[in-house]
Structure formats: C-alpha cells, structure tokens
Amino acid sequence: MGSQVKDVIIKPDAPTALMLDKHADYIAAYGSNKDNYEYTLSEYLRMSGMYWGLTVMDLMGQLQRMNREEITDFIKACQHECGGISASIGHDPHLLYTLSAVQILSLYDNVDAIDVDKVVEYVQGLQQEDGSFAGDKWGEIDTRFSFCAVATLSLLGKMDKINVDKAVEFILSCMNFDGGFGCRPGSESHAGQIYCCTGFLSLTGQLHQVNADLLGWWLCERQLSSGGLNGRPEKLPDVCYSWWVLASLKIIGRIHWINKAKLRAFILACQDEETGGFSDRPGDMVDPFHTLFGVAGLSLLGEERVKSVNPVLCMPEDVLQRIGLQPDLLS
Amino acid sequence: QHGRLKVKSTAQQEEQKRQEREKKLKIFVAVRDACFSKRKEGIWDDEALKLTQQVLSSNPDFATLWNYRKEILMHQETVKEKDEVQTIYGAELSFLESCLQTNPKSYGSWYHRGWVSSRMPKPDWARELTLCDRCLSLDERNFHCWDYRRMVVKMSGVSVDQELAFTDRLIGSNFSNYSSWHYRSTLLPLLHPESPEPPSPCLKPLLKEYELVQNAFFTDPNDQSAWFYYRWLLGRAEREDMISCVYVSRDEERVAVAFSRPVNSVGLLLVLDGQPQRVEWRSVHPRFKHSPLWICDLPPGTISDISYEHNLTVHWTEKHIHRDCALYTGRTESYCRDSAMDQELFRSELSVEKTSVLQSELQSCNQLQELEPLNKWCSLTIILLMRALDPLGYEKEMLAHFQTLREVDSMRSAYYSDLCSKFMIENTILKMEYAEVRVFSISDKNLTTLCHLDQLLLVTHINLSSNQLQRLPPQFAMLQCLEVLEADNNSIENLEGLYHLPKLEEVLLKNNKLIAAKHHQQSAMPLASCPKLKRLDLRGNPVTQIANVESELAELLPAVKDLLL
Chain A
1 MGSQVKDVII KPDAPTALML DKHADYIAAY GSNKDNYEYT LSEYLRMSGM
51 YWGLTVMDLM GQLQRMNREE ITDFIKACQH ECGGISASIG HDPHLLYTLS
101 AVQILSLYDN VDAIDVDKVV EYVQGLQQED GSFAGDKWGE IDTRFSFCAV
151 ATLSLLGKMD KINVDKAVEF ILSCMNFDGG FGCRPGSESH AGQIYCCTGF
201 LSLTGQLHQV NADLLGWWLC ERQLSSGGLN GRPEKLPDVC YSWWVLASLK
251 IIGRIHWINK AKLRAFILAC QDEETGGFSD RPGDMVDPFH TLFGVAGLSL
301 LGEERVKSVN PVLCMPEDVL QRIGLQPDLL S
Chain B
1 QHGRLKVKST AQQEEQKRQE REKKLKIFVA VRDACFSKRK EGIWDDEALK
51 LTQQVLSSNP DFATLWNYRK EILMHQETVK EKDEVQTIYG AELSFLESCL
101 QTNPKSYGSW YHRGWVSSRM PKPDWARELT LCDRCLSLDE RNFHCWDYRR
151 MVVKMSGVSV DQELAFTDRL IGSNFSNYSS WHYRSTLLPL LHPESPEPPS
201 PCLKPLLKEY ELVQNAFFTD PNDQSAWFYY RWLLGRAERE DMISCVYVSR
251 DEERVAVAFS RPVNSVGLLL VLDGQPQRVE WRSVHPRFKH SPLWICDLPP
301 GTISDISYEH NLTVHWTEKH IHRDCALYTG RTESYCRDSA MDQELFRSEL
351 SVEKTSVLQS ELQSCNQLQE LEPLNKWCSL TIILLMRALD PLGYEKEMLA
401 HFQTLREVDS MRSAYYSDLC SKFMIENTIL KMEYAEVRVF SISDKNLTTL
451 CHLDQLLLVT HINLSSNQLQ RLPPQFAMLQ CLEVLEADNN SIENLEGLYH
501 LPKLEEVLLK NNKLIAAKHH QQSAMPLASC PKLKRLDLRG NPVTQIANVE
551 SELAELLPAV KDLLL
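Chains as they are written, first to last, in UniProt numbering: chain A, 1 to 331; chain B, 1 to 565.
Keep in mind the hints are simulated off the structure, nothing from the lab. Treat the hints with caution; some may be incorrect.
Anything over 12 Å on all C-beta distances counts as not near chain B; from chain A, calculated [unchecked claim]:
#1 L20
#2 D58
#3 E121
#4 Q321
Residues from chain B that face chain A, not an exhaustive set, calculated with beta carbons under 8 Å [what the hints assert, rightly or not]:
#5 H2
#6 L5
#7 L25
#8 V29
#9 D61
#10 N67
#11 Y111
#12 S176
#13 S179
#14 H182
#15 T186
#16 S225
#17 P262
Predicted model, so just to flag it, every value in this text is computed and none were measured. Just so you know, even glycine gets a beta-carbon here, dropped at the ideal spot from N, CA and C.
Sequences and hints are given; from them, build the entire structure.
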C-alpha cells in the first residue's frame with residue numbers, strides 16, 4: 001500500500017550486529033583533533049555534543065575513557081554571571097546548554113562544581129507569565145525549553161522554584177488534534193516536541209492529561225516498512241526518532257505498539273562498520289548525536305549489552321537511581 | 001547533521017577536499033575570533049555587522065552571533081533617526097531572506113526575523129505573509145515557516161476565514177497536506193466554538209468539514225493526513241465533568257467515588273446526614289496522585305447499623321458538582337450511577353442529520369475498500385464509523401475488520417489487538433448495563449489489554465478466561481465490589497492489581513504464567529492484602545513447580561481454605 005510513501009531501503013549488506021567497541025572508539029577519538037572542520041563548526045552546541053558523547057559512553061560502560069577533569073573545568077568556564085551556561089567558552093548562555101551541563105555533571109556526580117543556586121535563579125528567571133519558558137534573555141519560546149527547565153530543576157531537586165501549574169497549563173495549550181505537541185500553541189505535532197512534552201508531563205506528575213491511546217497511535221504510525229521511524233507523517237525515517245518516538249511511547253506505556261524486531265534491524269543498519277558510530281539513515285555520515293540515540297533506542301528495546309536508559313531524561317538509570325529521581329511512566 | 005551521504009572518493013580527491021576544508025576552517029576561525037574580540041570590546045558598528053554576516057550566512061545556527069547582531073541593532077535604535085532605523089531593519093530582513101533561502105530550517109534565522117519585524121518602526125506584514133506563501137510553496141511542511149506565519153497573522157489581524165481559504169488552496173493542490181489540516185484543526189474552533197448543549201450550533205460547518213475530508217481521501221486513499229484528520233472529526237465532543245458513581249458499603253464502612261476523568265483528591269468533600277466528614281481520601285495505589293476513583297473509610301460505627309438509613313453527598317468542590325446516595329435500612333450497600341449510555345461514555349449522541357451523513361460515509365468507505373482491500377486507513381475508518389453509529393450492532397463486522405487490519409498492517413498488530421480489546425470491553429459494559437447485572441464476562445475474545453476499569457466499580461463477578469492477558473494492572477484494584485475473579489487460560493505473570501480488594505473471595509488463575517524466579521512469593525504477594533480470600537486456583541502455573549510452594553503459600557495466605565496447585 002502507498003507506493004508514494006517516503007522510506008529508505010535497507011541494503012542486504014547492511015550491518016546486523018551491534019559493534020559497541022567500534023562506537024566507543026569513535027566517541028573516544030571524537031574531538032581529539034580540534035582542527036577538524038565539522039567539530040569547529042559545531043562549537044555553538046559543544047555542551048550538548050559533550051553530553052551526547054559522554055552519555056553514550058556511560059551507557060556502553062566506557063565513561064572512564066573520557067577526561068572528567070578537563071570536562072568539569074570546561075563546564076565551570078561556561079557558567080556566566082547570570083547563572084546560565086553556554087555551549088562553549090565565549091558563547092552566550094542558554095537553557096539548552098544549561099541542561100546539558102547539569103546532565104554531564106550528574107553523570108559525574110559533581111553538580112557542585114558549578115553554582116547551583118545561580119543556575120536555579122537563571123532557569124526561574126526565564127519563566128514567562130503564561131507559564132512558558134524562554135530559551136534565553138532574547139525571548140524565544142518553545143516547549144523544548146519548558147522541558148529543559150524542569151529537567152534541569154529535577155536533577156537539582158529544585159522543582160519548587162518555578163510555577164509548575166502555570167508551566168503545565170502552557171504545555172497543555174500546545175496539545176493538538178492528533179494528541180501530539182508542537183513548539184508553541186498552534187504548532188504542528190512533531191516527535192521531538194512530543195518527547196519534550198511527555199517528558200515534561202512525567203516530571204511534573206501530569207501524565208494523566210495525555211490521551212495515551214490517541215498519541216500512541218500517532219507515534220506507532222511513525223514506523224515505516226523499513227522498520228525505521230520518522231518524526232511526523234510523510235517524512236523519511238531517522239535513527240534519532242528511534243529515541244524521540246520510542247522514549248515517548250515508553251513514557252505513555254505503549255512501546256509494544258512498535259514492531260521491535262524491525263526497528264532494531266533498522267537501527268543496526270545505521271551503523272558504520274568502518275568508522276564506528278551511527279548515522280541518521282543507512283549509508284550517511286555518522287555523528288555523536290545519532291550515535292547516542294541509536295544506542296539509547298537499542299537500550300529501550302531491551303539490548304542487554306547496553307545499560308538501561310531512562311526514557312524521560314536520556315541518562316543511565318543507575319545515575320538517576322543514585323540521585324533518587326524516578327519520573328512517572330504510564331503503564 | 002542530517003542527510004549527508006557518505007561518498008567514497010579517490011586519494012587525490014580526498015587530499016583536495018582536505019585542503020579546501022582546511023582553508024575554509026582557517027577563514028571561519030579568523031572571522032569568528034574577530035567577532036568575539038569586537039564584542040568583548042563592546043563595539044557595535046557596521047564592521048561588526050559585516051563580520052557576523054559572513055559567518056551567519058553559512059552558519060545560521062551560531063546563535064551567539066545573532067545575539068550580537070540584536071545588540072548592535074538595539075544600539076542603532078538609540079543613535080539613529082527613525083527612518084534610518086527602518087532602513088537598517090529593512091536591510092536586516094533582506095539579509096535574513098538570503099539566509100532562509102540557503103537554510104529554511106534554522107531556528108535562529110526565523111526567530112531573528114520575528115524579532116526584527118516586531119521592532120521595526122513600520123513592519124510590512126503583507127510582505128511577511130507573501131514570504132511565507134513562497135516558502136510554503138517550496139515546502140508545505142516547513143513548521144518554522146508555519147509558526148512564523150501564525151505570528152504574522154496574529155500581529156497583522158488576518159482573519160480566520162482568510163487563513164481557512166489559504167488551507168483550502170494548499171489542500172486542493174493535493175500533496176503533503178498534514179500541516180494544512182493541522183492548521184484547520186486550530187482555526188475551526190475559533191470560528192465555531194462548541195457549546196455543551198445539543199443540538200450543537202457548529203453542526204453545519206462540521207458536516208461541511210466531513211465532506212471536505214472525504215473528498216480528500218476518496219481522491220487519494222493513500223493521503224494519510226486526511227485519514228488522521230477524519231478520525232479527529234469523528235471523535236470530537238469532550239465529555240462533561242461529572243461524578244459518575246458513588247458506592248457505599250456498610251461492611252467495610254467505606255465510600256468509593258468514580259469520576260469521569262482522573263482527578264486530584266484536594267477539594268473532595270463527604271457529607272453524611274448533613275454533617276461534613278473528616279475523612280482521608282485514597283486512590284487504589286499510593287503512587288496514583290490523580291485517579292478516576294477515590295475511596296475513604298468512615299469512622300467505625302458510623303453506618304454499620306443496618307437499622308439506620310443514611311444520606312450521603314459527595315462534593316467535587318472545584319467543579320461545583322455533587323452527587324447524592326441514600327443508604328436504606330436493611331440494605332448492606334447502596335450505589336448511584338449514570339449508565340454508560342447517559343454519560344455518552346463510548347460515543348456521542350448523534351443527531352438524525354449526523355447519523356445519515358455517517359451512514360452514507362460508511363457506505364462509501366465500504367465501496368472504497370472493495371477497490372482498495374489493502375488500504376488499512378479505510379479499514380480502520382470503517383471500524384470507527386461503525387463504533388459511532390452502532391457499537392453493539394456492528395460487533396461482528398468490527399471483529400472481521402480488525403482481522404483484516406492485523407493482516408494488512410502486521411507491523412501494528414499489537415496496536416490493533418489492544419484497540420479491539422478496548423472496543424470489546426466497551427461492548428461488554430453496554431451489554432452488562434442492558435442486562436442490569438453486575439457480572440462482567442468477556443471470555444475467549446483475544447483480549448490483550450484491560451481498560452475502562454474505572455467503569456467496573458460495581459462488578460461482583462468478572463470472567464476474563466481464555467484471553468491473552470499478561471497482567472492485572474494496578475488499576476484493577478478499582479474493582480472494589482469484586483467477589484469472584486475467573487481468569488484461567490491467559491498469560492498472566494503479574495497480579496499487582498489484586499491489591500486490597502475488600503470483598504474478593506475466589507480467584508481462579510489456572511494455566512497462566514505466574515512464575516517461579518527469585519521472587520516467586522511476590523507473584524502471589526498482592527493476594528495477601530485481600531482479607532476475604534478463601535479459594536485460590538493456581539494449577540498449571542510455573543510457580544507450582546517450586547519445592548515447598550504449598551507451605552509457603554499457606555503461610556502467606558492463612559485464610560485460604562481451598563488452595564489448588
């Protein structure tokens with residue numbers, strides 16, 4: 001059915017075995033050559049890039065290969081006077097990178113390396129009258145930022161510092177006819193935003209407000225014949241949606257609505273046997289972003305060689321257990 | 001990074017590429033450093049604009065440099081005349097246009113454009129709308145552009161009708177329409193806000209909308225977006241908030257209250273014989289802070305004497321709703337509820353007009369299905385139409401269509417099984433109400449999941465045998481009146497839901513998957529919380545193979561006289 005449905009075809013020689021060692025080597029070496037073109041051009045998101053690399057290494061039990069001290073010093077140097085944290089030295093602070101930094105320090109059980117009270121003050125100050133959060137002082141509003149705010153505060157145990165009810169009200173105002181969520185009220189449903197909003201509702205104890213059957217249907221319809229998942233109707237599959245869609249399904253208790261075997265085969269086909277790492281779809285260039293979400297997706301599918309990953313925060317479960325954070329999930 | 005193909009090339013090509021990139025990198029680093037050092041010195045001049053422009057035109061995600069430009073522009077506002085500022089911002093818009101042409105999906109570019117437009121002395125919203133038209137004609141699914149358009153519409157007061165007409169044009173051009181249908185879903189309620197009283201004043205536009213969608217999926221049955229939108233149209237009409245059932249039991253001196261949706265217990269008030277009671281409300285499991293069912297215990301002796309009549313009222317203060325329930329002399333229990341039909345639980349009341357429209361649509365979909373037997377959207381829609389028209393009458397056809405769906409769209413067979421289970425449970429609830437009994441029987445129906453458990457508060461006997469259930473979830477504990485559970489021949493490995501069921505006497509779980517494993521006692525553990533349990537049948541479960549299982553269970557469940565292993 002649907003001869004015009006966009007999809008990819010997995011070649012018969014695509015990888016079928018999980019090459020964890022190659023992926024660990026790829027990440028460990030990434031960024032070691034600071035003269036690399038892609039690396040330098042992605043400086044504007046460096047903090048998130050580090051979070052992706054460190055988290056996937058921890059999931060693979062290889063965190064010890066990374067330089068904890070260098071990373072901690074870098075994060076310290078990125079905290080600004082206002083309390084917010086930037087992607088890299090000299091760049092401006094933003095909620096996205098504040099969350100990534102707190103996630104990294106949580107992995108290392110070293111949150112006190114930065115001024116936590118100032119971080120909380122920064123996050124608090126970004127909440128708007130309608131409950132939404134701006135990403136930074138320049139005022140862009142997006143449900144992604146609401147997620148960043150509550151995730152940051154949850155990891156720091158400071159959720160009481162914002163107006164949670166108002167924040168919830170704003171997120172619910174972004175719920176669409178299909179049960180999904182977009183960037184702002186009126187925005188189209190998108191798997192990335194759905195992940196942020198279901199994650200948000202989990203952290204704020206409001207998952208009962210989700211129409212799990214309706215949203216679960218929309219999410220399981222992301223699976224294409226290739227087994228891969230797209231982010232919204234009529235789009236190509238992408239390994240990162242193995243995270244955004246799968247984690248959302250896990251949060252709302254409907255992960256069994258996806259064909260797990262076919263998805264697993266798609267994710268494995270996105271590996272690069274030569275260089276290690278995962279790409280968005282089979283045959284493309286790899287990067288740390290897709291590597292994390294490929295491995296994290298496999299973890300949600302039950303891959304025993306990888307640590308259990310928490311679907312709300314995309315961090316190893318054992319880290320969250322240590323912190324004492326157990327976000328709700330629907331059954 | 002998305003969509004970057006890995007291409008194999010010769011050693012010579014590799015070397016050439018490497019040198020080019022090294023050059024590009026050097027330039028990038030030099031300009032970036034120049035930007036940063038100028039900013040550090042607090043310089044807000046044209047040179048700074050030129051430098052940041054160089055980087056941003058090919059790297060629009062470098063957010064810090066957009067910030068720097070905003071600072072520069074804000075400074076210009078303070079030192080230049082209004083018409084000069086207008087010109088400067090005009091130039092900024094031109095620059096942004098070229099950025100968007102190169103990269104139409106950069107959050108930074110779109111936000112900056114919105115920021116500029118709203119600060120300009122004389123914004124040209126018509127021009128911005130035209131820009132959106134052009135951008136959407138290249139990519140109708142660009143959500144950045146749609147969001148920007150929504151902002152422009154808001155700022156310039158474009159009418160809802162105009163925007164609906166715009167979506168009409170896009171939908172008419174026949175491909176990749178999801179964004180347009182989505183936009184319509186937000187526009188319609190603005191024109192036609194629903195009123196809770198039937199006949200709904202928005203019926204006529206709704207029927208027109210059915211026609212519009214129908215045309216779309218009959219023209220192109222593979223156009224997913226139309227089918228998604230149609231499902232929404234079929235399913236609209238939110239239920240009223242209400243207290244759906246109040247149940248009182250003298251034996252346990254307990255009151256159970258069921259609501260139309262999960263609620264928090266704050267603001268629940270129980271009044272007994274005119275006196276507000278100080279009670280603690282609890283849900284069936286401590287982790288449920290929001291629940292459709294709340295229970296409270298009355299002080300001992302309050303209602304236990306069967307020779308006294310009592311009048312109870314439950315107040316849901318937040319909604320200014322209450323429900324009364326009288327407990328008569330000689331009666332050990334009492335309840336008060338609306339039927340599922342009255343609550344419009346499973347389907348909304350249909351007007352004659354709407355019924356005839358849906359019937360003709362069902363006919364058309366059936367015809368379409370003959371032409372396209374592999375089209376799963378059509379099969380699913382037929383099921384939804386039948387549910388809307390006559391859930392019990394079409395039960396057989398519905399089961400046949402679900403079978404088709406599982407074959408035609410096997411990747412999603414787990415979804416279809418769960419959905420079918422849900423509809424069969426709804427039908428069983430309706431049948432139970434027609435029969436006016438408190439027995440819920442749904443045996444040998446391929447049930448894979450349980451739902452609507454909040455509707456089963458009053459059920460005394462439940463038969464779930466010969467299905468494919470894997471667990472009795474925590475919500476099962478909402479069956480506060482349950483006396484007998486028959487669930488033989490399933491795949492149950494988890495009994496979490498059999499938790500503090502006050503009236504449960506008999507549990508039949510032959511041939512399930514209650515396991516041994518390290519926590520073999522835990523499988524049966526919840527049963528220890530059921531005080532009246534007398535008969536337990538666990539034959540044919542892996543747990544019975546454990547040595548000493550009989551004595552361990554006898555210790556765990558001393559009141560069980562009939563233990564079958």
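Going down the list of hints, with the structure as the test:
{"no.": "1", "hint": "L20", "result": "holds (21 Å)"}
{"no.": "2", "hint": "D58", "result": "holds (23 Å)"}
{"no.": "3", "hint": "E121", "result": "holds (20 Å)"}
{"no.": "4", "hint": "Q321", "result": "holds (17 Å)"}
{"no.": "5", "hint": "H2", "result": "holds (5 Å)"}
{"no.": "6", "hint": "L5", "result": "holds (6 Å)"}
{"no.": "7", "hint": "L25", "result": "holds (5 Å)"}
{"no.": "8", "hint": "V29", "result": "holds (7 Å)"}
{"no.": "9", "hint": "D61", "result": "holds (6 Å)"}
{"no.": "10", "hint": "N67", "result": "holds (5 Å)"}
{"no.": "11", "hint": "Y111", "result": "holds (5 Å)"}
{"no.": "12", "hint": "S176", "result": "holds (6 Å)"}
{"no.": "13", "hint": "S179", "result": "holds (5 Å)"}
{"no.": "14", "hint": "H182", "result": "holds (5 Å)"}
{"no.": "15", "hint": "T186", "result": "holds (5 Å)"}
{"no.": "16", "hint": "S225", "result": "holds (6 Å)"}
{"no.": "17", "hint": "P262", "result": "holds (4 Å)"}
The structure meets every hint from the earlier list without exception.
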